[in-house]
Amino acid sequence: MDFTIAAIITIVGLTTPILLAGLGELVVEKSGVLNLGVEGLMLVGAISGFGVTVFTFNPWAGVLGAAVGGALASLIFAVLVLQLNSNQVATGLALTIFGTGVSSLIGVNFTGRIVAPFGSIFPDALARDPFWKLFFGYSPIVYFAIIMVFVVGWFLKRTRAGLILRAVGENDLSAHSIGYSVIRVRYMAIAFGGAMAGIGGAYFSLVITPMWAEKMTAGRGWIALALVVFAGWRTGRLLAGAYFFGILMALELYAKAAGFSFLPSQFWAAMPYAMTVVALAIISSRGTAGASAPACLGKPFTPST
Amino acid sequence: MTARLELKGITKRFPGVLANDRVGFAVQPGEIHALLGENGAGKSTLVKMIYGIMQPDEGQILWNGAPLQVANPKAARKLGIGMVFQHFSLFDALTVLENIALGMDAAIPARALEAKIRAVMTQYGLMLDPSRVVSTLSVGERQRIEIVRALLLNPKLLIMDEPTSVLTPQEVEQLFIVLRKLAAEGCSILYISHKLHEIKALCDTATILRGGKLVDTCDPKVETSRSMAEKMIGGSLKDIKRDGRSLGAPKLVVQGLSLPADGPFGTALRDISFSVRAGEIFGVAGVAGNGQNALLLALSGEEPTARAAVTVNGTQVGHMTARDRRGQGVSSVPEERNGHAAVPVFTLADNAILTARDRLGMVNRGLLDAKAARTYAGEVIEAFSVKATGPGAMAESLSGGNLQKYIMGREILQKPQVLVVSQPTWGVDAGAAAAIHQALVDLAAEGSAIVVISQDLDELLALCDTLAVINGGRLSAPMAVADAKIDEIGLLMGGIHGETAHAV
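Sequence lines, in order, name chains A and B.
Sequential numbering of the first sequence, starting at 162, is according to the working numbering.
Sequential numbering of the second sequence, starting at 535, is according to the working numbering.
The following block holds chain A by itself, in its conformation from the complex:
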């Protein structure tokens, strides 16, 4: 029992950052933009969140700072791809390199410092109880991520703004001709995606290890990208997929701890990435991925006047 509870708590922790970043990217892609810079945005969020927390001693301010940092970094991408029609794939990759570099640069001043971990805000009686910590022992970011799954799902499916966002991603020219501002919708989607990736990154620097380390997101931004495809651009499946990847990542830790010797730990470490490839292959061979992907994904918007 104790082991199961500990394992679940580990899995929830591993899942939260990719769930947050994946939700943000899902909204971005639904608007027809492919932002491959998620990994960079997460790093920017990790350092902004950490930096703000160091100065304010307030992790809530830190999370807000991470969201703002991620959103600002993503707006650089937005200006390039929306205003200057640069190639989205190349620009996204550049954003990752930029995010990695700029976070390391800022992080030099923060190396070696630590902050209080942004843990549970519930009373210790619940948060540290051997059983109830299963529900109350998490950082507020964890609950935020799960609530956002439903908020984003509701927004996309039930609100007019969500409908317009999907319309822009499906057929930008038609949306333009009906009279919606494709560029404005995409700016907002990209900024939202940046903010969510930023909070996902802050989960590393404020919760998992309350300190700054270069490249501390360790490629999770790429898993978040794969997760969106894996989920077929649906929020419910994104939640399930995030936990599936969380379990795979937890296996690595437990295999190491249990001293499994018949397979090297690198094998387990590679599992989430290998599963990403397998999942994508299966989905695309069934031909369903093409049907659910936003039709304008990755294409620049060029209205003829």
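Keep in mind that a hint or two might mislead.
Unchecked claim - Subject to a maximum C-alpha distance of 27 angstroms in a straight line, what follows is the list of computed DSSO-like cross-link-like pairs (lysine-lysine):
| hint | chain 1 | residue 1 | chain 2 | residue 2 |
| --- | --- | --- | --- | --- |
| 1 | B | K747 | B | K582 |
| 2 | B | K582 | B | K612 |
| 3 | B | K650 | A | K318 |
| 4 | B | K542 | B | K690 |
| 5 | B | K608 | A | K318 |
| 6 | B | K765 | B | K755 |
Unchecked claim - Now the stretches of chain A that chain B is said to cover, found in silico as 3 or more residues with beta-carbon under 8 angstroms:
| hint | stretch |
| --- | --- |
| 7 | 320-334 |
| 8 | 337-345 |
Just so you know, the hints here were simulated from the structure itself, not pulled from any lab data.
Since we're looking at a predicted model, the values are computed, not measured.
Idealized CB from N, CA, C, for every residue including glycine.
We have chain A; now place chain B onto it with these hints.
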């Protein structure tokens, strides 16, 4: 009685073109008014000004007798002017309801909107399921979405831009019933078309435009189709000369041709068989998206098939690539001119090299013979009266009709044994269309076998000896055009109605 809409001296200039030159006419309440003219006659420009997409340079628009400025489409809709476009602005992955909601200027709760939609549909007998995803609908059903969207605004004037170009004859009949009912209730309809028999059947008045000028306003019930056509093109109509052709032995034999669907929205070809004799023009009719593209690719060799599926002059060519099939005398002209049939940023001479290099010896020891290419491009321009500055002109600088004439000429002058063409006169004016039709008939007279894939049934009936209908990737039994019945063809085109896109 005050006219619902009156135009007075409307003039619109574009750089180098006078799109509308002092055009004036009036539409009465409840009148179905045809706007007739060739491509480029200025019909679209005119209605865009009525709908507020463009502003006139000179002239006046009167609405119920009062002068009017239509600032934008939103303002037009507010006045009660609705428009159904030729190219639908729909979102394939969204439902009918979502599509209609997106087109409304005010946010209406989904449930209230659905009730309104159902009310309009019952009133006009339009069948449509609001929860269906658009990608699963037929073209006719998609058009109904646009019509419902326009009707929800209680229009006083409905503009229909070439509404029937993609419909089956039965769908056209249904559309006319709706339009007549609307007119009877007092809604004016401005009906843009170049299909004369439809205008005769539907419209009360016809305004004919040519080269941006008003030629005549007449009563289509009194005029003949021929007299209106001659006003429209400003000259006498040439009939296709098609005598003196004798059919020889089968040249192209297609046997059990199947091809898997290309992508989730593609159509698979299933067990298609037909044969075309020397000197025969074989027509493939059908509503868009029923496998026409796949059929063209399978015949041209862009999509290799089973070896025995396609035979040319007794040689099995099914497994061959497009280039190898050209070596066997097969030429093809796909539907999309820019980017498929021709490279827009290449010169006409370079575009000639793409398909004629082997047959006309434009390659010498691996090097291109630019002179031969230029000479051949010049011949094509000359023979097909292509309006271009010369063989060095970029393909993209030509108008649609001229580029089409060039591409058709490029293939026809190579004297192919078998020619497969898709939509040979799509977006081409009547003069150029007649020239292309005559060239096809002349090629057949020299003993080539020709396959024409077209959505324009009138074109196929005028041009072909034999006709078959493609629906859901299957081809009907061929029938001689001489004793084909329009009703029967229409039913075949409708086929498994509304399920064509995802039938597996």
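Out of the numbered hints, which ones does the structure contradict? none
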